[in-house]
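Take the working numbering: the last position of the sequence shown gets the number 495, and nothing is skipped along the way.
Calculated directly from the structure, the hints in this document are not laboratory data.
Mixed in with the good hints there might be a few duds.
Taking lysine-lysine pairs in the BS3-like style, the calculated list, with each CA pair at most 30 Å apart, reads [to be verified]:
#  : residue 1 : residue 2
1  : Lys8      : Lys58
2  : Lys59     : Lys386
3  : Lys283    : Lys250
4  : Lys58     : Lys359
5  : Lys171    : Lys109
6  : Lys292    : Lys196
7  : Lys59     : Lys144
8  : Lys199    : Lys386
9  : Lys247    : Lys396
10 : Lys388    : Lys283
11 : Lys170    : Lys37
12 : Lys8      : Lys196
13 : Lys142    : Lys130
14 : Lys251    : Lys57
15 : Lys386    : Lys128
16 : Lys292    : Lys247
17 : Lys386    : Lys55
18 : Lys109    : Lys142
19 : Lys283    : Lys247
20 : Lys423    : Lys386
21 : Lys247    : Lys199
22 : Lys118    : Lys142
23 : Lys196    : Lys423
24 : Lys59     : Lys292
25 : Lys109    : Lys59
26 : Lys283    : Lys386
27 : Lys196    : Lys388
28 : Lys171    : Lys142
29 : Lys388    : Lys57
Predicted model, so just to flag it, every value in this text is computed and none were measured.
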Amino acid sequence: MGVIDKTKIRNILIAIFLVLFSRVFLASLFQFTINLKIILLIISIVIYFILFDPKDKKKLPINAFFLIIIFGSVISVVKPVQYGLDEESHLPNVISISDSPIFKYSNEKLEDYNSVFKYDALRNPSKKDKNYWFNVEHKESKIKGVRVGFDNPAFIPSAIGWNIGRLISKKVFVSYYLGRIFEVIAYAILVFIALKISKVYREAIYLFSTFPAVLYIIAGYHYDYLYFGATLISLALLTNILSGENKVDKKYTIAFQFSTFLFSFAKFPFVLIGSLFSILPNKYYQDKSVRKFSSILFGLNLLISFTYVGIIKLFASDNALSGKGPGLLYFVTHPLPLIRTLLLAPYGIIHDFVSEPLKYVSESSPFLIAISIVIFFFAMFVIALKNKIEMPTFFKYYCLLLLAGIASLIVIAISGDPRVYHKGDITVGGVQGRYYYFILMFLPLFCGSWFRKLFGFLDMTIQNEDSNFECSLQYMLVYLNILTISIGIYTQLQG
Numbered sequence: 001m002g003v004i005d006k007t008k009i010r011n012i013l014i015a016i017f018l019v020l021f022s023r024v025f026l027a028s029l030f031q032f033t034i035n036l037k038i039i040l041l042i043i044s045i046v047i048y049f050i051l052f053d054p055k056d057k058k059k060l061p062i063n064a065f066f067l068i069i070i071f072g073s074v075i076s077v078v079k080p081v082q083y084g085l086d087e088e089s090h091l092p093n094v095i096s097i098s099d100s101p102i103f104k105y106s107n108e109k110l111e112d113y114n115s116v117f118k119y120d121a122l123r124n125p126s127k128k129d130k131n132y133w134f135n136v137e138h139k140e141s142k143i144k145g146v147r148v149g150f151d152n153p154a155f156i157p158s159a160i161g162w163n164i165g166r167l168i169s170k171k172v173f174v175s176y177y178l179g180r181i182f183e184v185i186a187y188a189i190l191v192f193i194a195l196k197i198s199k200v201y202r203e204a205i206y207l208f209s210t211f212p213a214v215l216y217i218i219a220g221y222h223y224d225y226l227y228f229g230a231t232l233i234s235l236a237l238l239t240n241i242l243s244g245e246n247k248v249d250k251k252y253t254i255a256f257q258f259s260t261f262l263f264s265f266a267k268f269p270f271v272l273i274g275s276l277f278s279i280l281p282n283k284y285y286q287d288k289s290v291r292k293f294s295s296i297l298f299g300l301n302l303l304i305s306f307t308y309v310g311i312i313k314l315f316a317s318d319n320a321l322s323g324k325g326p327g328l329l330y331f332v333t334h335p336l337p338l339i340r341t342l343l344l345a346p347y348g349i350i351h352d353f354v355s356e357p358l359k360y361v362s363e364s365s366p367f368l369i370a371i372s373i374v375i376f377f378f379a380m381f382v383i384a385l386k387n388k389i390e391m392p393t394f395f396k397y398y399c400l401l402l403l404a405g406i407a408s409l410i411v412i413a414i415s416g417d418p419r420v421y422h423k424g425d426i427t428v429g430g431v432q433g434r435y436y437y438f439i440l441m442f443l444p445l446f447c448g449s450w451f452r453k454l455f456g457f458l459d460m461t462i463q464n465e466d467s468n469f470e471c472s473l474q475y476m477l478v479y480l481n482i483l484t485i486s487i488g489i490y491t492q493l494q495g
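Make a model of the complete structure from these sequences and hints.
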């Protein structure tokens, strides 16, 4: 079979047609448009489908890698400046690492961030024009004062991209887009590793790693790429153990504890997931000493994590975890705001994460919202029905309590931000659907046996070896990403 066959040509033509006519899924008047962003997307489509081979199951990791690299890079370039989720908060961290690695200082004046802010259409009423953006040059940051904390290593990939841009050009925009792209590359590597490791949870990992909402988050300045990647790797390792494919030995323990240690730098409470390798029944371990070894590593993880986030203080500065909020004791004595916030989680997951990957749009696409919800929950249903992993009873209930506790800790940590919560508010604002990413990805493990009891008549069909669900899943997600990017080009306007 040649590099280009009829199937590849068909896929390319369908995708290009989808790009050119995606405006029909908007309520506004259709207007045929071809610009540089559309041309870039079409070129990426041709490259991707030439490389794409969904029929070979061994190529699932490389297919995911190419999808993330190619379309994630396109998103990085076509998404307007500072339109990524929380980019205005995280970009200063990237520039800070670029100019003063390892430590944060009490007085940091980041001139390049000020240059970017001048082109921020969302937050700057006096935004400059495109001519300014493509000509503004780097300026040296002014960093002085005392050390107040550690730089977050999660931003290292973006900082590398930023510095490479600085080496090859004096223009800020070159560094800006390369910083975004290098985060995409880092995430693609983590996904590839997770899929190579996984033996029984590959479809779930593929769904959660390539869903458009995820790509739009990681194709920008954000540490959640590390949160997502650590989730994928840790669950790949855990499901291999729970399925009986592997025993917990020292090698697996080190890998799992390291993957959960990464949560220290992105969504800190999830570092507690490391405890899962210490409470499994004896049959899952290579020998009894491994349980003790895992517990020691978990304790070491906690010690380092507590030091990094400021619970164990090394610097005379505020707690890096949450600021001056109500604190844990307040929510113990006043639990209703916490309970209400957790009960809103399903709405947040669907509204903020699954259905609306595009932020700051001129108009929404009801069709994109609907098809995103349908594809996500259909895939989740099939994955749960195919799941054959039976978790030990104690382990299952421990996981439920642990995940509920982690979700509560995240809400409590966020309450330290005065922008989203004050004592007396009935809910904690700012808790976004992506915060539940790990918990959401865990659901098929909880629901598998229950789904098989309810939908047993479908079980044989789905479990059939000739089932092409994995292939269909890849097609659904690549076309959904192409549609999302196309609509994003038409509706995410720099202003």
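### Query
Of the hints stated earlier, which fail here?
Hints 4, 7, 15, 20, 23, 24, 25 not satisfied by this model.
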